[in-house]
Amino acid sequence: MEFSGFAGLAPMAGVADRAMREICALHGAAFTIGELASAKGISLGDKKSAELLFCEKKGVPTACQLFGCEPDIMAFAAQKALSFEPDFIDINMGCPAPKVSGHGGGSALMKNPELAGKIVEAVVGAVDVPVTVKMRSGWDKDSLNAPELALICEQAGASAITVHGRTKSQMYAPPVDLQIIKKVKETVKIPVIANGDITDGKSAKEMLEITGCDFLMVGRAARGNPFVFEEINAYLEGREYTEKNLEERLNVFIEQIELMLRYRNHHKGILETRKHAAWYMNGIKGAASLRRMCGEISSFDDVLRLCETALELNKQI
Numbered sequence: 063m064e065f066s067g068f069a070g071l072a073p074m075a076g077v078a079d080r081a082m083r084e085i086c087a088l089h090g091a092a093f094t095i096g097e098l099a100s101a102k103g104i105s106l107g108d109k110k111s112a113e114l115l116f117c118e119k120k121g122v123p124t125a126c127q128l129f130g131c132e133p134d135i136m137a138f139a140a141q142k143a144l145s146f147e148p149d150f151i152d153i154n155m156g157c158p159a160p161k162v163s164g165h166g167g168g169s170a171l172m173k174n175p176e177l178a179g180k181i182v183e184a185v186v187g188a189v190d191v192p193v194t195v196k197m198r199s200g201w202d203k204d205s206l207n208a209p210e211l212a213l214i215c216e217q218a219g220a221s222a223i224t225v226h227g228r229t230k231s232q233m234y235a236p237p238v239d240l241q242i243i244k245k246v247k248e249t250v251k252i253p254v255i256a257n258g259d260i261t262d263g264k265s266a267k268e269m270l271e272i273t274g275c276d277f278l279m280v281g282r283a284a285r286g287n288p289f290v291f292e293e294i295n296a297y298l299e300g301r302e303y304t305e306k307n308l309e310e311r312l313n314v315f316i317e318q319i320e321l322m323l324r325y326r327n328h329h330k331g332i333l334e335t336r337k338h339a340a341w342y343m344n345g346i347k348g349a350a351s352l353r354r355m356c357g358e359i360s361s362f363d364d365v366l367r368l369c370e371t372a373l374e375l376n377k378q379i
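Numbered per my numbering, the sequence shown spans residues 63 to 379.
Bear in mind the hints are in silico, worked out from the structure with no lab data behind them. Any given hint might turn out to be false.
Stated by the list, open to error - No more than 27 Å apart at the CA atoms, straight line, and that leaves these computed lysine-lysine pairs for BS3-like: (1) Lys109 / Lys120; (2) Lys267 / Lys120; (3) Lys203 / Lys173; (4) Lys180 / Lys142; (5) Lys173 / Lys251; (6) Lys347 / Lys264; (7) Lys120 / Lys142; (8) Lys347 / Lys337.
Use the sequences and the hints to build the structure in full.
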């Protein structure tokens, strides 16, 4: 697989929606992956699951991400996903959420490598686009089996592997384990995408140099900061990067919310706006009071008032 750029946007459930993916693509993300969708839900005709398969076309590769634990159902869902014209399909073997891993999907597959391999083989055989796999370093500290699982997935036909350098048990708290990602890279011949604690150009360069990985994936650092991809690209290409000023950042925030409200049910979109607004307010003067305003957003006019207030509070900066 080939990407133009260094880092893609991670498939964060409930966060990396269509609007955010489009904005990140416009600001340098090398690829985007949709929010994880339930293969079983898709097979049962669930509309919400199907909606998560949408692939926007904004000049960068896009993918659907599926989770499940039954090879035939995963294959069926992958075939359904083809109607959205994804550039590739990603299989989730890393989600630690109980509603996913508790039913045998996501990171639970790391405890059953044989089944994981059968799932990859079934999906690869069902579609005519590349299939990738996203996993963690292992289930817990006593089962750091990402290299072994990655090899099984490669042998089953996977085109690339993404490794989040934490175990399921660690969730997101401790520092990411770069060495386990390095071991995966040394084990397989297909491209390896590194994920975890990539927040800027410096951490991106460190990840590439230590792990030898082929590409990067950014998750939480892109919340309220789609410009992180521009920064990473500039840093790794040896170019100077000029940070966006507050007005520029807020203009992009407004653009993202306009897209969100265009694509979603208005009421749900407004509710989702609140958390994205809070992320955009991080690190600026008056952030605490501004975040309180974020929690009270009930209309697009409130979004505009929030931005006006932020600019007023920061006009001397």
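| message | Given the hinted pair lysine 180 and lysine 142, is their Cα-Cα distance within 27 Å? | response | Between lysine 180 and lysine 142 the Cα gap is close to 19 Å, so the pair holds against 27 Å.
| query | Keeping to a limit of 27 Å between CA atoms, is the pair of lysine 267 and lysine 120 held or broken? | reply | Judged against 27 Å, a Cα distance of about 26 Å means the pair holds.
| CA of lysine 347 to CA of lysine 264, is that 27 Å or under? | holds, 25 Å
| field | Pairwise hint evaluation, lysine 337 against lysine 347, where the allowed Cα distance is 27 Å at most | value | holds, 18 Å
| Is the Cα-Cα distance between lysine 203 and lysine 173 27 Å or less? | With Cα atoms ~13 Å apart, lysine 203 and lysine 173 stay inside 27 Å; holds.
| Do the alpha carbons of lysine 120 and lysine 142 lie within 27 Å of each other, as the hint requires? | holds, 22 Å
| message | Check whether the Cα positions of lysine 173 and lysine 251 lie no farther apart than 27 Å. | response | holds, 23 Å
| Hey, lysine 109 versus lysine 120, does the alpha-carbon distance stay inside 27 Å? | Holds - the C-alpha atoms of lysine 120 and lysine 109 are around 24 Å apart, at most 27 Å.
Checked against the numbered hints given earlier, this structure breaks none of them.
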